[in-house]
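K.L.:
Sequence:
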Amino acid sequence: MMDDCKITHCLSLQVATWWEDYAYLTLRMPLIPYCVMASPLLLETVGLEDVPENFLKSAAICCTINMQFWKLLRTETLRPIASSDKKILFSSDLYKRLFNTVRAPGLEMDKIVSYFKTEKEGPCPSHLLVIYKGRMFKIEGLHEDGEILSPQDFLLYFQQIQHKVDSEDTSISGVPLLSNDDRTTWARNRSHLIELSERNAEVMRDIESSISMFSMDTNEPSDYSEVATRTLIGDMHSKWADKSATTVCFKNGKMGCMGEHSCYDGTISISMSLYAMLSIFEDGMPDWSIPPKRLVKPVELVFDLDDEIRGEIERMTEVAHKLQNSVCVTVDQFNGYGKEYMKSKKIHPDSWIQTALLLAYHRLHGTFAPTYETAMMRQYYKGRTETCRSCSVDSVNFIEAMGSSKESAGTKAKLFRTAANRQTELMNEARKGNGVDRHLFGLWCMAYDQGLPIPEFYDDPMYSKSGGGGNFILSTSTLGFTINCGFVAPMCMDGYGCFYTMLGENIWSIFTAYKDSEVTSCRKLLAEFHRALEDIRTVMDADIGTKL
Numbered sequence: 082m083m084d085d086c087k088i089t090h091c092l093s094l095q096v097a098t099w100w101e102d103y104a105y106l107t108l109r110m111p112l113i114p115y116c117v118m119a120s121p122l123l124l125e126t127v128g129l130e131d132v133p134e135n136f137l138k139s140a141a142i143c144c145t146i147n148m149q150f151w152k153l154l155r156t157e158t159l160r161p162i163a164s165s166d167k168k169i170l171f172s173s174d175l176y177k178r179l180f181n182t183v184r185a186p187g188l189e190m191d192k193i194v195s196y197f198k199t200e201k202e203g204p205c206p207s208h209l210l211v212i213y214k215g216r217m218f219k220i221e222g223l224h225e226d227g228e229i230l231s232p233q234d235f236l237l238y239f240q241q242i243q244h245k246v247d248s249e250d251t252s253i254s255g256v257p258l259l260s261n262d263d264r265t266t267w268a269r270n271r272s273h274l275i276e277l278s279e280r281n282a283e284v285m286r287d288i289e290s291s292i293s294m295f296s297m298d299t300n301e302p303s304d305y306s307e308v309a310t311r312t313l314i315g316d317m318h319s320k321w322a323d324k325s326a327t328t329v330c331f332k333n334g335k336m337g338c339m340g341e342h343s344c345y346d347g348t349i350s351i352s353m354s355l356y357a358m359l360s361i362f363e364d365g366m367p368d369w370s371i372p373p374k375r376l377v378k379p380v381e382l383v384f385d386l387d388d389e390i391r392g393e394i395e396r397m398t399e400v401a402h403k404l405q406n407s408v409c410v411t412v413d414q415f416n417g418y419g420k421e422y423m424k425s426k427k428i429h430p431d432s433w434i435q436t437a438l439l440l441a442y443h444r445l446h447g448t449f450a451p452t453y454e455t456a457m458m459r460q461y462y463k464g465r466t467e468t469c470r471s472c473s474v475d476s477v478n479f480i481e482a483m484g485s486s487k488e489s490a491g492t493k494a495k496l497f498r499t500a501a502n503r504q505t506e507l508m509n510e511a512r513k514g515n516g517v518d519r520h521l522f523g524l525w526c527m528a529y530d531q532g533l534p535i536p537e538f539y540d541d542p543m544y545s546k547s548g549g550g551g552n553f554i555l556s557t558s559t560l561g562f563t564i565n566c567g568f569v570a571p572m573c574m575d576g577y578g579c580f581y582t583m584l585g586e587n588i589w590s591i592f593t594a595y596k597d598s599e600v601t602s603c604r605k606l607l608a609e610f611h612r613a614l615e616d617i618r619t620v621m622d623a624d625i626g627t628k629l
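The opening position of the sequence shown corresponds to residue 82 in the numbering used here, with each subsequent residue numbered one higher.
In short, the hints are calculated from the structure, not lab data. Keep in mind the model is a prediction, meaning the values are calculated, not measured. Any given hint could turn out to be false.
Straight-line C-alpha distance at most 27 Å; calculated DSSO-like pairs for lysine-lysine [stated by the list, open to error]:
1. K427 with K495
2. K420 with K495
3. K374 with K219
4. K219 with K332
5. K378 with K214
6. K463 with K201
7. K605 with K420
8. K332 with K374
9. K168 with K424
10. K374 with K152
11. K245 with K219
12. K546 with K513
Simulated restraints on C-beta separations [to be verified]:
13. P204 with R160: 23 to 33 Å
14. P133 with P204: 36 to 46 Å
15. F562 with E615: 35 to 45 Å
16. E381 with D174: 47 to 57 Å
Here a beta-carbon is modelled for each residue, glycine too, at the ideal position from N, C-alpha and C.
Using the sequences plus the hints, can you model the full thing?
P.N.:
In structure tokens, the structure reads:
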């Protein structure tokens with residue numbers, strides 16, 4: 082018989098597999114917008130102007146940076162992320178699925194397929210995928226001697242692709258649209274495409290094994306909210322939804338990133354984005370007068386089509402239009418204060434924001450929201466996330482006090498401090514593996530896999546009302562203390578996605594909601610969030626106890 086340690090180890094591996102299978106890969110809805118992460122790149126904050134003149138140049142710079150990060154992973158020289166005191170190293174396992182990876186569709190369950198290898202493990206594909214106006218191209222990321230292409234080299238590639246597509250009166254193939262369909266239908270169409278010809282099978286391999294994808298989007302978003310929206314649900318002719326990593330480059334020089342969530346979590350994409358932003362800040366604009374090296378020409382990837390596939394593309398054109406109008410995304414910068422003020426009150430900034438979000442939601446909707454906050458579990462082998470349930474008895478007490486004119490500022494400040502400190506405790510417990518949601522998830526999976534009756538507990542209305550089974554009204558996550566912002570769609574139709582990063586003197590936030598919901602409003606919740614932040618500061622400043 083296995084000892085307890087071996088049993089625990091086997092179960093931990095099994096839970097990791099169950100999580101990917103049942104939380105992600107069995108879901109049948111389209112990946113975009115329901116199952117991907119997205120992020121607007123705030124390029125101007127690091128000195129790269131988002132202007133039309135930089136449409137191709139910014140893309141070229143990011144191509145080189147992508148290749149540099151890919152090379153760090155290939156050579157295993159990326160320094161592991163650690164806790165602030167450097168005592169805990171976090172797992173780098175998920176980095177291996179950042180590049181050269183695809184979520185391949187299946188009839189009942191998808192499969193993550195990674196072509197990435199470290200140099201010790203063997204050779205690895207070194208090409209990238211570029212899609213412009215629905216036409217796909219394969220470009221090399223390395224010279225024959227293994228040197229990474231420079232921004233000047235990549236710029237020439239993009240210029241060649243742009244000239245070829247814009248000068249030819251050729252209609253788009255529309256095949257990328259099919260990847261945005263529900264997973265079962267896309268699995269059938271993908272199989273049919275591959276069976277049509279050997280060329281199609283080869284094109285599919287080139288697409289799916291590519292390092293990452295660059296989507297050249299002819300839209301011109303006016304602000305970061307529109308950048309975020311169009312990064313997620315913009316030109317679907319120029320997005321291959323299955324790819325693990327996508328950079329979206331807009332015609333007016335603005336940019337965004339998109340990641341397939343089953344392959345890795347947000348901390349991985351934020352790490353990559355931070356590397357890119359710091360590289361741009363430190364290196365500045367390249368000298369574009371330096372001539373590019375001699376390159377292999379871009380290879381256009383063209384599928385052979387039949388009437389069945391053409392009919393599916395026509396159908397998906399209407400489906401894509403509906404998906405493009407499904408989600409509202411609002412990006413905001415609150416300048417009233419930032420993490421330095423919160424820390425001066427000896428309250429963790431993340432707990433401060435969580436409590437403010439709960440107050441904002443209650444003021445807008447008159448009820449308390451079951452709230453999910455991501456707790457990172459990467460300090461454990463194969464660890465990903467746990468749920469921190471932020472809506473506690475202490476937060477309810479504070480919110481009710483804020484709605485009462487009878488309570489003094491001192492009482493409100495004391496209750497706020499209690500609620501925020503309780504949130505910090507809950508997060509610490511979740512990160513230690515003491516959360517309840519993954520435990521309950523594992524028990525459900527054990528019963529399901531063994532053909533046992535699912536306990537009645539999981540069908541109890543109070544379980545789903547508390548957020549269980551993916552029913553959290555507020556789906557939230559902190560993005561840390563850098564300029565990088567990211568987001569996903571809400572967890573349920575009448576819910577919100579709330580994501581934020583806390584800088585020294587301001588707070589960046591991204592709120593998401595479904596347009597079909599008759600209950601939610603990003604704009605109204607954002608206004609209440611601002612009011613909550615301001616009111617909390619007023620209370621804390623008025624309380625003598627917080628000044629001692």
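K.L.:
Does each hint hold? Answer for all of them.
P.N.:
Evaluation of the provided hints:
{"no.": "1", "hint": "K427 with K495", "in the structure": "13 Å, holds"}
{"no.": "2", "hint": "K420 with K495", "in the structure": "19 Å, holds"}
{"no.": "3", "hint": "K374 with K219", "in the structure": "18 Å, holds"}
{"no.": "4", "hint": "K219 with K332", "in the structure": "20 Å, holds"}
{"no.": "5", "hint": "K378 with K214", "in the structure": "19 Å, holds"}
{"no.": "6", "hint": "K463 with K201", "in the structure": "21 Å, holds"}
{"no.": "7", "hint": "K605 with K420", "in the structure": "24 Å, holds"}
{"no.": "8", "hint": "K332 with K374", "in the structure": "25 Å, holds"}
{"no.": "9", "hint": "K168 with K424", "in the structure": "22 Å, holds"}
{"no.": "10", "hint": "K374 with K152", "in the structure": "20 Å, holds"}
{"no.": "11", "hint": "K245 with K219", "in the structure": "14 Å, holds"}
{"no.": "12", "hint": "K546 with K513", "in the structure": "25 Å, holds"}
{"no.": "13", "hint": "P204 with R160: 23 to 33 Å", "in the structure": "25 Å, holds"}
{"no.": "14", "hint": "P133 with P204: 36 to 46 Å", "in the structure": "39 Å, holds"}
{"no.": "15", "hint": "F562 with E615: 35 to 45 Å", "in the structure": "21 Å, violated"}
{"no.": "16", "hint": "E381 with D174: 47 to 57 Å", "in the structure": "35 Å, violated"}
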